[in-house]
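J.: If you read the protein sequences in the order shown, they are chains G and X. Each residue of the first sequence is one higher than the last, beginning at 1 in UniProt numbering. Each residue of the second sequence is one higher than the last, beginning at 1 in UniProt numbering.
Just to be clear, a hint being listed does not mean it is correct.
Which residues of chain X face chain G? A partial, calculated answer using Cβ under 8 Å [to be verified]:
no.	residue
1	Ser114
2	Ser202
3	Tyr203
4	Glu205
5	Ala206
6	Arg208
7	Met209
8	Pro224
9	Val308
10	Asp310
Source of the hints: derived by calculation from the structure; they are not laboratory data. Even glycine gets a Cβ: it sits at the ideal position worked out from N, Cα and C.
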Amino acid sequence: MASIDIRSVHKLYGKTPAVRGLDLAVEDGSFLVILGPSGCGKSTLLRMIAGLEDISAGEIAIDGRVVNEVEPGRRGCAMVFQNYALYPHMTVAENIGYALKVAGVPKAERADRVGRVAAMLGLGDLLARKPSQLSGGQRQRVAMGRAMVREPGIFLFDEPLSNLDAKLRIQMRLEIKRLHRELKTTSVFVTHDQVEAMTLADTLVVMNQGVIEQVGTPAEVFRRPKSRFVANFLGSPPMNFLPAEIDRRGRAVLAGGHMPWPDLVFELAAETRIEVGLRPGDLTPVAGKAAEGAIPFEPDILEDLGSELHWHGTVGGSAVAVALPAATPIPAGPVGLKAPPSAVHAFLGDGRRAEPAAAPIPSPKPSGEAPWRATSLSYT
Amino acid sequence: MTDATITGDRALPGRLPRLRLSAAEPWLYLAPAIAVVAIWTYVPLLQAFELSFYQWNMLPRSTPRFVGLDNYRNLLSLPDMRQAVVNTVLYTIGLLPLSVGIPLAVALLTGGLSGPLRNLYRALIFVPMIVAPIVAAILWRWLLNEDHGLVNAWLSGIGLGKVGFLSDPDVALWTLVWITGWKLIGFSTLLFTAADSAISPSYVEAARMDGASPWQIVRDIRLPLLSPTILLITMMTILFGAQWSFVYINALTGGGPLRSTTNVYHVMWEYGFKTMAAGWSTAAGMLVFAVFGLIAIGCLAAMRRFAVYDE
Numbered sequence: 001m002a003s004i005d006i007r008s009v010h011k012l013y014g015k016t017p018a019v020r021g022l023d024l025a026v027e028d029g030s031f032l033v034i035l036g037p038s039g040c041g042k043s044t045l046l047r048m049i050a051g052l053e054d055i056s057a058g059e060i061a062i063d064g065r066v067v068n069e070v071e072p073g074r075r076g077c078a079m080v081f082q083n084y085a086l087y088p089h090m091t092v093a094e095n096i097g098y099a100l101k102v103a104g105v106p107k108a109e110r111a112d113r114v115g116r117v118a119a120m121l122g123l124g125d126l127l128a129r130k131p132s133q134l135s136g137g138q139r140q141r142v143a144m145g146r147a148m149v150r151e152p153g154i155f156l157f158d159e160p161l162s163n164l165d166a167k168l169r170i171q172m173r174l175e176i177k178r179l180h181r182e183l184k185t186t187s188v189f190v191t192h193d194q195v196e197a198m199t200l201a202d203t204l205v206v207m208n209q210g211v212i213e214q215v216g217t218p219a220e221v222f223r224r225p226k227s228r229f230v231a232n233f234l235g236s237p238p239m240n241f242l243p244a245e246i247d248r249r250g251r252a253v254l255a256g257g258h259m260p261w262p263d264l265v266f267e268l269a270a271e272t273r274i275e276v277g278l279r280p281g282d283l284t285p286v287a288g289k290a291a292e293g294a295i296p297f298e299p300d301i302l303e304d305l306g307s308e309l310h311w312h313g314t315v316g317g318s319a320v321a322v323a324l325p326a327a328t329p330i331p332a333g334p335v336g337l338k339a340p341p342s343a344v345h346a347f348l349g350d351g352r353r354a355e356p357a358a359a360p361i362p363s364p365k366p367s368g369e370a371p372w373r374a375t376s377l378s379y380t
Numbered sequence: 001m002t003d004a005t006i007t008g009d010r011a012l013p014g015r016l017p018r019l020r021l022s023a024a025e026p027w028l029y030l031a032p033a034i035a036v037v038a039i040w041t042y043v044p045l046l047q048a049f050e051l052s053f054y055q056w057n058m059l060p061r062s063t064p065r066f067v068g069l070d071n072y073r074n075l076l077s078l079p080d081m082r083q084a085v086v087n088t089v090l091y092t093i094g095l096l097p098l099s100v101g102i103p104l105a106v107a108l109l110t111g112g113l114s115g116p117l118r119n120l121y122r123a124l125i126f127v128p129m130i131v132a133p134i135v136a137a138i139l140w141r142w143l144l145n146e147d148h149g150l151v152n153a154w155l156s157g158i159g160l161g162k163v164g165f166l167s168d169p170d171v172a173l174w175t176l177v178w179i180t181g182w183k184l185i186g187f188s189t190l191l192f193t194a195a196d197s198a199i200s201p202s203y204v205e206a207a208r209m210d211g212a213s214p215w216q217i218v219r220d221i222r223l224p225l226l227s228p229t230i231l232l233i234t235m236m237t238i239l240f241g242a243q244w245s246f247v248y249i250n251a252l253t254g255g256g257p258l259r260s261t262t263n264v265y266h267v268m269w270e271y272g273f274k275t276m277a278a279g280w281s282t283a284a285g286m287l288v289f290a291v292f293g294l295i296a297i298g299c300l301a302a303m304r305r306f307a308v309y310d311e
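So that you can see chain G by itself, here it is in the shape it has in the complex:
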């Protein structure tokens, strides 16, 4: 087990920056997930930790030792590649045992350790097979075994589940989580899949264009996104954004003069343009356009996903999605949407989050109900 310290690390490809001054500390034994769209520099960062990519500026330390110039094999990291990179000419046993062979571990001990890892991953019967004779999930397990057999201080995962079908992906996700619980090896996991990120991470890092947008627990990042990018990137259907303007008393006024949250005051100059963000799951439909504190909603399409309903429409010309528990009665006729003030996210023109000045007055909720509805954590 080991900790990682990343200090103002830069990576340039020619003149194109891929990673721009990044600071990050990974605690011993934690499971850190780096989430971001493709091209955000997350894989580059992982490969710099691994030693497969030079560091243009800054330094990376593992257990306090700067490893900028240390060979990949001597950093105490093991990596699981996106395409698994299993040596095609070696059997499963040889693949898993290669690191030990290279390290000069005697044959008997090697066989013993390979056997143990294989048993742990349920690969015992496949040791004599070649990678081409394995299914996707089995290859994935061999790749994990190859990383585990060295008993490294750090596991690095480069989108390891993206080549699997949906069902297998969920299964392997659980297996990775279980393995981490058993082994407690520090892990860095790169993905563009928000479900993987939310479910696996102790600490979630959202990256965009070579910089970190936000670091926190998955719940923090989901519930208090620091920027419009993070708010938009996490959650499915994505967060709804409604343009608004601050009035003289600091309240947000939506298009059409609606002011659904009169008690929510922002310390912003009058006429500041902001965007109000509302998670689809935080919206509740109410019958009647003119219902008090409701925003008029023009419904368009209703999707039934089985587990929940997605109701798509517009509010003042902006597309808005509402996620509802399955079997919610859909009001006929004119509809308004309501959201508690605590569910309101506000973002400035440059994408930063704006906080209301005082704690918003809690919305009247019946006691016993969780402050966040389970349906608000919907992704798929």
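Based on these hints, arrange chain X on the given structure of chain G.
T.: Below, chain X without anything else, positioned relative to chain G:
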């Protein structure tokens, strides 16, 4: 033909009716290839096989005389032929380091090169290949000339005696091996470089993560993944190496001195076109064909057995 299919039953006068044409169509497409293979390969092969049982001096007026297996019997007991077979083996063995060893090493060592340096080296290594064989032969004859050649001038310059590159029976064969191989290095290097760059970089990265040294990566990852190319070029050298040296034997030594540079192909050619013994030449050709056919089967089996393919 497209017209014929489109117009269908109302075929224009002078065109093939649709039905008959469509039945013959695949054969028409295949015809040129079949004709070429038949005319240039199988018919001559069969004719040569027939001719190998006759004695004939290739003069149009003379009639071939049937001699049964005499040609084969004579050939197999002839010291000439034995010498040629030994030399053929020497040519093949001598060529392997030049067609496989050096190009493989060059490709592995230069795999990491990039930019203009790579292009320069590729150009340099590739030049011998585009020089016409006969031009190369003449250039080497000048360079290796015993009295006025550059190479011997350099050798005397550094205090070594003159070497009869083409006149010393102990050296001449190896000189021809070198010239044949020199022409091949570029081509082989090109094939190895292409195969090496087709190896997925993630294997090398995985091996680096596993702690393998550069040499261990070559030994355990790159060489096994290059095995199809290594086996292919080895097979080509074994099957064709002696043929490739024919031009240089013919242009530089004519098989001498003291028959030290002749090989089975040169002997075959000599019998046929110098002594006009068509029967001997074709019998030698048949023997060579049979032996190399067996070797080819063996090589293919070896390839199937040892080559590693990355799916």
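J.: All the hints need checking, so say for each whether the structure fits it.
T.: Evaluated hints:
no.: 1; hint: Ser114; in the structure: 12 Å, violated
no.: 2; hint: Ser202; in the structure: 4 Å, holds
no.: 3; hint: Tyr203; in the structure: 6 Å, holds
no.: 4; hint: Glu205; in the structure: 5 Å, holds
no.: 5; hint: Ala206; in the structure: 4 Å, holds
no.: 6; hint: Arg208; in the structure: 5 Å, holds
no.: 7; hint: Met209; in the structure: 5 Å, holds
no.: 8; hint: Pro224; in the structure: 4 Å, holds
no.: 9; hint: Val308; in the structure: 4 Å, holds
no.: 10; hint: Asp310; in the structure: 4 Å, holds
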